[in-house]
Amino acid sequence: MAEKTILLVEDNPDDQKLTIRALKKNHILNEVVTARDGVEALDYLFGTGAHAGRDVAVLPAVVLLDLKLPKLDGLEVLRRVRGDARTRRLPVVILTSSKEEQDLIHSYDLGANSYIRKPVDFSQFMEAVRQLGLYWLVLNEAPAA
Amino acid sequence: MRQEVASRRISLDFRLLFESAPGRYLVLDPELRIVAVSDAYLKSTMTRRDEILGRGIFEAFPDNPDDPAATGAANLRRSLQRVLRDHVPDAMAVQKYDIARPQSEGGGFEERYWSPVNSPVIDSGRLVYIIHRVDDVTEFVRLKRLADQPKALNEQMHTRLGPLEAEVYQRAHEIQDANARLQRITEELRQSEEMRRRLVESAKEYAIFMLDTEGRVKTWNAGAQKIKGYHAQEIIGEHFSKFYPPQDVERGKPSDELRIAVAQGQYEEDGWRIRKDGSRFWANVLITCLRDADGNPIGFSKITRDLTDRKRAEDAIAELNRTLQHRNAQLEAANKELEAFSYSVSHDLRAPLRTVDGFSQALLEDYAGKLDEEGQDHLRRVRAASQRMGQLIDDLLNLSRVTRAEISRERVDLSATARDVVKELRAADPLRQAEVVIADALVAEADPRLVRLMLTNLLGNAWKFTAKCPRARIEFGRRQQAGEEAYFVRDNGVGFDMAYAGKLFGAFQRLHGMDDFPGTGIGLATVQRIVHRHGGRVWAEAAVDAGATFYFSM
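Respectively, the protein sequence lines represent chains V and Z. The numbering used here puts the first residue of the first sequence at 1, with every later residue one more than the last. The numbering used here puts the first residue of the second sequence at 1, with every later residue one more than the last.
Since the hints were made in silico from the structure, they are not lab data. Just so it is clear, the structure is predicted and the values come from calculations on it, not from any experiment. Using N, Cα and C, we set each Cβ at its ideal position, and we do this for glycine too. Careful, some of the hints might be misleading.
[Claimed, not checked] BS3-like cross-link-like pairs, simulated, lysine-lysine; straight-line CA separation at most 30 Å:
{"no.": "1", "chain 1": "V", "residue 1": "K99", "chain 2": "V", "residue 2": "K24"}
{"no.": "2", "chain 1": "Z", "residue 1": "K423", "chain 2": "V", "residue 2": "K99"}
{"no.": "3", "chain 1": "Z", "residue 1": "K336", "chain 2": "V", "residue 2": "K99"}
{"no.": "4", "chain 1": "Z", "residue 1": "K370", "chain 2": "V", "residue 2": "K24"}
{"no.": "5", "chain 1": "Z", "residue 1": "K370", "chain 2": "V", "residue 2": "K17"}
{"no.": "6", "chain 1": "V", "residue 1": "K68", "chain 2": "Z", "residue 2": "K336"}
{"no.": "7", "chain 1": "Z", "residue 1": "K336", "chain 2": "V", "residue 2": "K71"}
{"no.": "8", "chain 1": "V", "residue 1": "K99", "chain 2": "Z", "residue 2": "K464"}
{"no.": "9", "chain 1": "Z", "residue 1": "K370", "chain 2": "V", "residue 2": "K25"}
{"no.": "10", "chain 1": "Z", "residue 1": "K370", "chain 2": "Z", "residue 2": "K423"}
{"no.": "11", "chain 1": "Z", "residue 1": "K253", "chain 2": "Z", "residue 2": "K276"}
{"no.": "12", "chain 1": "V", "residue 1": "K68", "chain 2": "V", "residue 2": "K25"}
[Stated by the list, open to error] Some residues of chain Z that are not near chain V, with every Cβ distance over 10 Å (derived):
{"no.": "13", "residue": "L17"}
{"no.": "14", "residue": "P22"}
{"no.": "15", "residue": "M46"}
{"no.": "16", "residue": "L84"}
{"no.": "17", "residue": "E110"}
{"no.": "18", "residue": "E111"}
{"no.": "19", "residue": "L189"}
{"no.": "20", "residue": "T288"}
{"no.": "21", "residue": "N321"}
{"no.": "22", "residue": "E337"}
{"no.": "23", "residue": "D357"}
{"no.": "24", "residue": "G390"}
{"no.": "25", "residue": "R452"}
{"no.": "26", "residue": "G483"}
{"no.": "27", "residue": "W539"}
[As the list claims (entries may be wrong)] Take a look, some chain Z residues computed to stay more than 10 Å from chain V by CB distance:
{"no.": "28", "residue": "P30"}
{"no.": "29", "residue": "D212"}
{"no.": "30", "residue": "R216"}
{"no.": "31", "residue": "G229"}
Please build the complete structure, drawing on both the sequences and the hints.
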């Protein structure tokens, strides 16, 4: 499973760096591909734009998706991922600052697999990322692509 | 005794008495058939009872066919008809009514003058008979004629006049009675008319006046003067279009209203009218067409009320409503803005804090060797501060959510919720020893999410402020307190000075140092808002180092 990538969709470079650090600290060694907005994320998944020519049959093990994003927001990315046969079953974990109920409800309605609110306390964040990696990269059996 | 008298009365022969009475009486039924007659009447009219009983009166007593000027039957018929209609006695003037002479006495007609009175006999409101009583005044009339002749005959007249005078006297009385009756009716009419006139004249809040068929003012009352400002003498005879705004007069509105009143009987509207001084007032106007007995219009009555004050009040209310609607829209927009603001606070204010905390931790981990103990302590303080601010933001969001959220009441098991909250507290702090007593079966009609948030705050406080007690005890229950059923959360922790109780429920108010007991000072403000939104109240009792009890009703 180690060869599978993790797609991190996050526009805040600090949060990118901290998330990658938390993954590393937890010995999750999968390659992390970062997308800084919703359009980049879809380009990667569907082999378009900057990622034209990428083998789209190779899907990431999990997508860590922020909700508040430039250009195309996280909920819209999720809608398109679930609307495409190639990515319909792709595990998507919402990783966001918001705990507004409407965000939670919308995310699950659109087919999010998990919803995690980023804590301010980095120690708690480390713990969250550890569990997340353990679950989605080790325990969870993803359907064959 | 009495019985004897009664039976004797019954045995009286009324028929004999009637027929023998000294007056001339004829009794008719409502069809004017003769049903009884006195002997005196028979004698005067030279008839026999068996000849006339059962016959119609005009059949029994026809007019003299040889007198083309005879009016007897016609006048008698009119008088009888009046009695039939009005059920009151009718005295006729002296009437020539000739009587047929029996064949045995030569036939033909004999000239006679009569003074008749026709009286109804009423039984249970129904006319059953008419008594036709006459006096034969032929002699009197003849003598009156003689009076115009030479003096010699005066003697004869005087001697024969005596008995007639009594009759004349009686007739005069009857005419006097009739006159008095007429006067009484006229007086009643006059009084009722006077009352009506005074009523109209004294009505101050209503302009009540008459118009002729052309629309010219014919009468004026006090209300009209008060409302419109004109005196009677300056407005009577003027056209009523004076009361209308010029633009209404121009389009012929006043005459249109009269036309509608003629066609439909009435015209009513609310509209602007003009006073004498030119100011306008909001009027309720009712124009009624008046007609004569044949239905021809003979004028109009017009009633006008001044509704300016009411109109003004209604306009003010309408204006107020518009303002309110506008304010409401503004408030809704402000609420939406606030929601958007809360949303970005939740997102954007937390992100930098994560950076501060995350990289401080990274420094501590990666550069521990290059930082002395003081440097590391500084970084730990940076982390603690950012975490506290994170907590502050979360609490503030909760507080604003409590205010914004729709309350959905359902049956909530408070005991179960409290046990759940305590379980979480124990899990987060497994080393704490505390005795927690929760009363069973406490239920309330409340919003379950908000109730949970409230109990989390109250039990969390109790948990926090008993941290330094060797034998911490926390209790949740219900009791009668200050005259009402109240729930309570009690602890035996550090308590507080009641002098500061007023500050307890304000946001950001803290009664303890951050070093002793960490907190944001928003928890109790949130509790109060939740209780208030449920229509209840919350209060506290405490003493320093003697624990605290928080009561709330729902």
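For each hint, the structure was consulted:
no. : hint              : verdict
1   : V/K99 <-> V/K24   : holds, 26 Å
2   : Z/K423 <-> V/K99  : holds, 23 Å
3   : Z/K336 <-> V/K99  : holds, 18 Å
4   : Z/K370 <-> V/K24  : holds, 22 Å
5   : Z/K370 <-> V/K17  : holds, 22 Å
6   : V/K68 <-> Z/K336  : holds, 19 Å
7   : Z/K336 <-> V/K71  : holds, 23 Å
8   : V/K99 <-> Z/K464  : holds, 25 Å
9   : Z/K370 <-> V/K25  : holds, 20 Å
10  : Z/K370 <-> Z/K423 : violated, 42 Å
11  : Z/K253 <-> Z/K276 : holds, 19 Å
12  : V/K68 <-> V/K25   : holds, 26 Å
13  : L17               : holds, 112 Å
14  : P22               : holds, 116 Å
15  : M46               : holds, 121 Å
16  : L84               : holds, 93 Å
17  : E110              : holds, 122 Å
18  : E111              : holds, 121 Å
19  : L189              : holds, 84 Å
20  : T288              : holds, 66 Å
21  : N321              : holds, 33 Å
22  : E337              : holds, 15 Å
23  : D357              : violated, 5 Å
24  : G390              : violated, 3 Å
25  : R452              : holds, 14 Å
26  : G483              : holds, 38 Å
27  : W539              : holds, 31 Å
28  : P30               : holds, 95 Å
29  : D212              : holds, 76 Å
30  : R216              : holds, 75 Å
31  : G229              : holds, 66 Å
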